[in-house]
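As they're listed, the protein sequences go chains A and B.
So in the working numbering, the last spot in the first sequence is 288, and the numbers never skip.
So in the working numbering, the last spot in the second sequence is 291, and the numbers never skip.
To be clear, the hints were calculated from the coordinates, so they are not data collected in a lab.
For glycine and all other residues, C-beta sits at the position ideal for the given N, C-alpha and C.
Be careful, since some hints might not be right.
[As the list claims (entries may be wrong)] Calculated pairs, DSS-like style, for lysine-lysine (alpha carbon to alpha carbon, straight line, at most 25 Å):
hint, chain 1, residue 1, chain 2, residue 2
1, B, Lys280, A, Lys174
2, A, Lys174, A, Lys186
3, A, Lys186, A, Lys49
4, A, Lys118, A, Lys85
5, A, Lys85, A, Lys201
6, A, Lys49, A, Lys118
7, B, Lys280, A, Lys21
8, A, Lys174, B, Lys178
9, A, Lys201, A, Lys186
10, A, Lys118, B, Lys178
11, B, Lys178, B, Lys190
12, A, Lys118, A, Lys174
[Stated by the list, open to error] If you want the footprint, here are the derived chain B segments under chain A, 3+ residues with CB under 8 Å:
hint, segment
13, 37-46
14, 153-160
15, 175-188
16, 204-211
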Amino acid sequence: MTSLEHHQVAYAQAVTSKRRRAWLGLLALTVCILISGQVAEISFSKLFQNIGSFTGYFVRIFHLENGQLVFTDFGEWFWGWKKWLVLMGETLLMAYVGTLLGAVAALVLCFFASKNITNNSVVVVASRRFLEFSRTVPEMVFALIFVVAFSLGPLPGVLALAIHTGGALGKLFAEVVENIDLKPVDGIVASGGTWLQKVRFGVLPQVASNFASYALLRFEINVRGAAVLGFVGAGGIGQTLLEVIRKFYYSDISALLVMIVVTVMLIDAITERVRYRLLGKEAKQ
Amino acid sequence: MSVLPSAHDRSVGGERQVLLLSRYPTLFVPFYEKHWKALSGLALAALLFLYGVLTLGVSPSKIFFGLGELALMVMRMFPPDAKQFNIYLYAIAETLAIALLGTLSAAVVAFPLGFLAARNTTINRVVHFFARRSFDTLRGIDILIWALIWINVVGLGPFAGVLALFMSDLGIFGKLFSEAIEAADQKPVEGVLSTGGTHATSVRFGILPQVMPILLSQVLYAFESNTRSASIIGIVGAGGVGLILSEQIRTMELQQLSCVILMILVTVALIDFFCSKIRFAIIGKQAL
């Protein structure tokens, strides 16, 4: 056997084992899909039979009660714009306050969850587990529980957002902190700086713009989240939305959806610009 | 230009001081003058926060009272009650099924659409624009809202949940996929084109091999986060463990509630673990 043939055989073997693994993976995936289809009661016949009511739903929500398209009479379409704007404002405020509270909590906790700043491994593990718990439980579940404890209104929503945000941002912040350059930190420790001075002058200048960027991204996510927290009675525009959907006030549904989507898009555009500037500034340094 | 701080008056005198000032004018500007933009921004943010706290009814008394209630609730959650373990397990399986099917179907549909929405592979600018805006709209509407809409079409149950996840994931994948495609290196594409390849072959052999691992890992990430989403869409009746959660909170069966929450946490942790294994197997050592 020449060495060329030898290589060809080795190549063929390598490829077959790789292919076999891919086929096995695909087979496992197919089995999972079939089982899931059973469990999730997938029924394409139901879907195709009723797909007309899906498209019909969108046709209906874009028609006013008098049968005209909604665009013909904006005054009638957005008849409740004053109270809806107030609700939308409340939603944004909830997202803002929740994000800020969560970001502050994450800012404090992330230093305890970073191995390179905190030497005590018990503290590191404990704060990591705490952050993990806060972000794994969906904010809706927190909201459900808080609505019972704090009674209906925006307060439980804000707290639910804050806890979930704290967990999610805390993890991201800790990852940023673990990737910093340790030389400035060593310098401060060497010149006799305290733990607080180490964090303030050694770590914070390196991570501030990244932190702000992550917090803005989270604000975007929280605006979407806050818009539906009202489904469980935790304030914001969600409660009204749920009401109009359940009561089939079709044109109101589209008005509220348009309002939410436009707000979310605006927030996205603004924060994207700010984040771009924040990270651009860092790149220049 | 401001006057020098007194410390500098003592250490550097006369001509030297004037010289220093003229050479490094920016170094001697007081802190508040140099950072007035950032400071006023911070002040505005703090004011807005205060306004929010006041209008949203976040008062200390309310928080203290609520925290007391919460502590009572948490105490009554223990020990977790697993009497109906089998029912919970089936609900969790349903949740996972919803997450899997929603994620996969969205990924399959978003895959071709992602190429249409990427600047370097799209057919023309109009298609690019509309694909982008449609994804934005799909993403702008929350899963719970999609679930409510689909319940009108296919009735209560997990199928509505699958379709709801499909809609919002389509928006997310469309955006992520098109961004990954736009970030791909153009050199392989030029190589294929220079040897006489068509637009289609340049995408197939120039871009696809680069983006495939990224797309797969994004799908895995989405599956992880969808397990969480799928566990709450039951609140509006779209299947999964959410229905049990909201029922138990409504009827204050807190010991059973804690059992379900624990089961969700374990499931999510397991899914995260397996997904990271698969991701590692796909992307290899250069994990994203």
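Structure-based check of all given hints:
Simply put, lysine 280 (chain B) and lysine 174 (chain A) have alpha-carbon atoms about 20 Å apart, close enough for the 25 Å limit, and the pair holds. Annotation: proposed proximity of lysine 174 (chain A) to lysine 186 (chain A) holds, straight-line Cα distance about 23 Å (limit 25 Å). Of the supplied pair hints, the one linking lysine 186 (chain A) and lysine 49 (chain A) is violated, its CA atoms being roughly 64 Å apart against a limit of 25 Å. For a cut-off of 25 Å, the pair hint linking lysine 118 (chain A) to lysine 85 (chain A) is broken: about 51 Å separates their Cα positions.
At most 25 Å may separate the alpha-carbon atoms for a hinted pair to count; lysine 85 (chain A) and lysine 201 (chain A) exceed this at roughly 50 Å. Annotation: proposed proximity of lysine 49 (chain A) to lysine 118 (chain A) is violated, straight-line Cα distance about 54 Å (limit 25 Å). Of the pairs offered as hints, the one joining lysine 280 (chain B) and lysine 21 (chain A) holds, with about 17 Å between alpha carbons and a cut-off of 25 Å not exceeded. Pair hint lysine 174 (chain A) plus lysine 178 (chain B) holds up; C-alpha atoms about 24 Å apart against a cutoff of 25 Å.
A C-alpha spacing of about 11 Å is found between lysine 201 (chain A) and lysine 186 (chain A), which places the hinted pair at or below 25 Å, so the restraint holds. For the proposed pair lysine 118 (chain A) and lysine 178 (chain B), the alpha carbon gap of about 34 Å is over 25 Å, so the pair is violated. For a cut-off of 25 Å, the pair hint linking lysine 178 (chain B) to lysine 190 (chain B) stands: about 23 Å separates their Cα positions. Taking the CA atoms of lysine 118 (chain A) and lysine 174 (chain A), the gap is about 12 Å. The hint holds against a cut of 25 Å.
Requiring three or more residues with a Cβ within less than 8 Å of a Cβ of chain A, the coverage given for the segment 37-46 of chain B is violated, as only 0 such residues are present. A count of 6 residues in the segment 153-160 of chain B with a Cβ less than 8 Å from any Cβ of chain A is obtained; the coverage claim is therefore met, three being the minimum. Closer than 8 Å: that is the beta-carbon criterion, and the segment 175-188 of chain B has 0 residues meeting it against chain A, so the requirement of 3 is violated. Three residues within the 8 Å Cβ limit are the bar, and the segment 204-211 of chain B against chain A gives 0, so the coverage statement is violated.
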